[in-house]
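Protein chains in written order, with my numbering: chain A, 11 to 319; chain B, 74 to 318.
Incorrect hints may have been included.
As the list claims (entries may be wrong) - Just so you have them, the derived chain B footprint on chain A, three or more residues with Cβ under 8 Å: (1) 145-151; (2) 233-242.
Unchecked claim - Computed footprint of chain A on chain B, listed as stretches where at least three residues anywhere in the stretch have a Cβ under 8 Å from a Cβ of chain A: (3) 138-147; (4) 181-189; (5) 196-206.
Hints listed in this document are in silico derivations from the structure and should not be mistaken for laboratory results.
Yeah, the Cβ is synthetic: ideal placement off N, Cα and C, and Gly gets one too.
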Amino acid sequence: MKPAASIVVFTTLSGAGYGLLFWLAVLRPAGLVPQSAWFGVPVLLLALALVTAGLLSSLLHLGRPERAWRALSQWRSSWLSREGVAAVATFPPAILFGLAMLAGRDGLALVFGLLAAAGAAATVWCTGMIYASLKPVREWHLPLVAPGYLVFGAFTGAALLVPPSALAGRGAGVALLAAVLAAVALAVKRAFWAAADAAPAPAGLASLTGLGRFGTVRPLDPPNAGTAYLMREMGFRIARAHAARLRRIVVLGGFLAPALLLAAAAAVPGAWAALPALPAAAAALGGMLVERWLFFAEATHTVAAYYRG
Amino acid sequence: MTSLPGTTGRKLGLVIDLDTCVGCHACATACKSWNGSGMSGPLSDINPHSAGIEGVWFNRVHSYEAGEGEGSRTVHVPRSCLHCETPDCVTVCPTGASYKRAEDGIVLIDHDICIGCQLCAWACPYGAREFDEPEGVMKKCTLCVDRIYNQAMPAAERVPACVSACPTRARHFGDLGDPESEVSRLVAERGGVALAPELGYAPVNRYLPPRDPRRFDAAPAKDPAPLPSQIQNPLLRWLDRVLSR
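Okay, chain B solo, but in the shape it has when bound:
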């Protein structure tokens, strides 16, 4: 049924730290790699080896400039399904292929039922759903539902592929419905935000805003001391080493 569950037991989702994200796209490629061969696979590519290449991705990393002058910064924003609590992408689905799981809130597509009408992509303001043209069905982030409950994997790896791939640990996975969970505490501590909450879809994922660089001492360093290797006189080099202890 494309009617939404009243409440979900847990609210599994991602917390993405925009302060530490370096925009390396490792999350996006790890996602493409895992999901291209898992339950969502293939994630078709069109013209993969020639001009006009494009394909299905669940996770796309945008880079933005925010603010002006000294207060401005470059911020990388990975964009993927936010697993909203009241998503229109589910309710507009005419076939029942789109659904939100009552037990953990994950929004999924049954690819065996989807007719590829693409109305869900129109209904999602965040661009979380993409049409897999060769397959004729819609595809979207599954929160790696085939990893996080996978008893065949070591417990430490039972997180979404994007989370385990992130080299700066900017991505966190957990239950955002539990105020005591690690991710919920992180959101509270860092003032995590939902994207465009005014649209009313109640996204579950949170983004931790970049820290303000002006909070740190940004004054230019005073005339820096020479490195030991830069001191030519052996006596002075020895003195420098003794005095530096």
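One chain only, chain A, in its complex shape:
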């Protein structure tokens, strides 16, 4: 599948933003991050900025972005519509969460924060289900896809929460959590790769043409001499050649390096913890961009078989 930059950026940024929102709302009442509004409100604004930037990026993928509001209507059947509804529904409690923090109303902040956290988790789950529900894509129609999106959002969000917490002198707990999440995310990603590599093709050319009864089926002449939308969109093949190297980059740069830096941040006292925490957050986000690009570039669609056998 063609890795559209708009979707790679969207899922990475909004995943991290929702993860950050989730952990701020959950860890604040637990006392693991600073309680003051001077900490909470800027972090919340950063989370909402990431989410909004991601959602705006997703509009760039649309042929008719001015009609995007129509995507909120078919939540009964469509995971994409559900994602849109959940994303929009998460904003009001998130904004009220911020206002409650500003007003110093901890009870209200707890309630709205948890509502926003639930919305954030629901939105990221819907994002994962958009891909997991597509039967024609061998590497996506797998049980680990949607949980993966949740874990990666939780990991990048937690990694982003560490630098500000460290600067405020309360980074140790969050850093430890983020380091553990990095390890969990790596385990999930490796299990996903194993499952995706072993997954059988949903249908081969023999079945897609109905000609299997005669033996193997081989493409002889394509329907068009040049290229076509389906070949560009479903027949992406650049990544295959570099897949192994890119996977190593994801493992080392996106998971292991941040995990070590975050463990270091947990060990360093006070604001100095921000020194390893900042590159950890940057590596987590950068690694996630590569991971997301690979998620698309490595995915194969049944339609490609019509052209390539």
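Chain A is fixed; fit chain B onto it per the hints.
Just chain B now, kept in the frame of chain A:
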């Protein structure tokens, strides 16, 4: 609504005879011609007069080799929307632009609502939906819904453009939900198949498999008799004509 109708009154679709299809692409060009100026139009082309030409087509004719040695054959497979009974392309649509008609089962797109997210193209395993980039919306086979019910056209022409264009009559249109219909009888008689039924979308269109050439006498002809024009002697030519009666 992108929820599917429980059952459809009729199941209109195509039956394509892979035995008689000669791969001439007349169906594809007739489709492009009709639909480029009809309710789906335009079917945009990019770089139509220069290198890198590509465009939107509802029907694409692939050619394949199947089997090995004497049993092998070249088969042309026209690929278009199969108007599935349970299509994911409809249910994944976030806007309600994609729908399946309850009365005849035709799967259509409302181009005034489509946002061009292309998720339906990802959801279709058969590649039936294409993105019209200049228009910013998805396009697909309508089963020529603007022909088959068109009272302004002579009754004989109320079939999809691809069916009327086919020079070998390899394409048939009808109600596959009615076991007594001509197309259903054709499917039963020739053992018509659905494409990749294991994916679970219950395609309506059927493909009639190529006949087995080994069933016919494929033995090489014996020393053939000379043609009358090849006989030089007029007497013998006359005798040949008399004896050939």
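Verify this for me: three or more residues of the stretch 233-242 of chain A with a beta carbon less than 8 Å from a beta carbon of chain B.
holds (count 7)
Cut-off 8 Å, C-beta pairs, minimum 3 residues; does the coverage of the stretch 138-147 of chain B by chain A stand?
holds (count 8)
Closer than 8 Å, Cβ to Cβ, for at least three residues: run that test on the stretch 196-206 of chain B against chain A and report holds or violated.
holds (count 9)
Tell me if chain B covers the stretch 145-151 of chain A under the three-residue, 8 Å CB rule, please?
holds (count 3)
Taking a Cβ-to-Cβ distance below 8 Å as contact, does the stretch 181-189 of chain B have at least three residues touching chain A?
holds (count 4)
Checked against the numbered hints above, the structure violates none of them.
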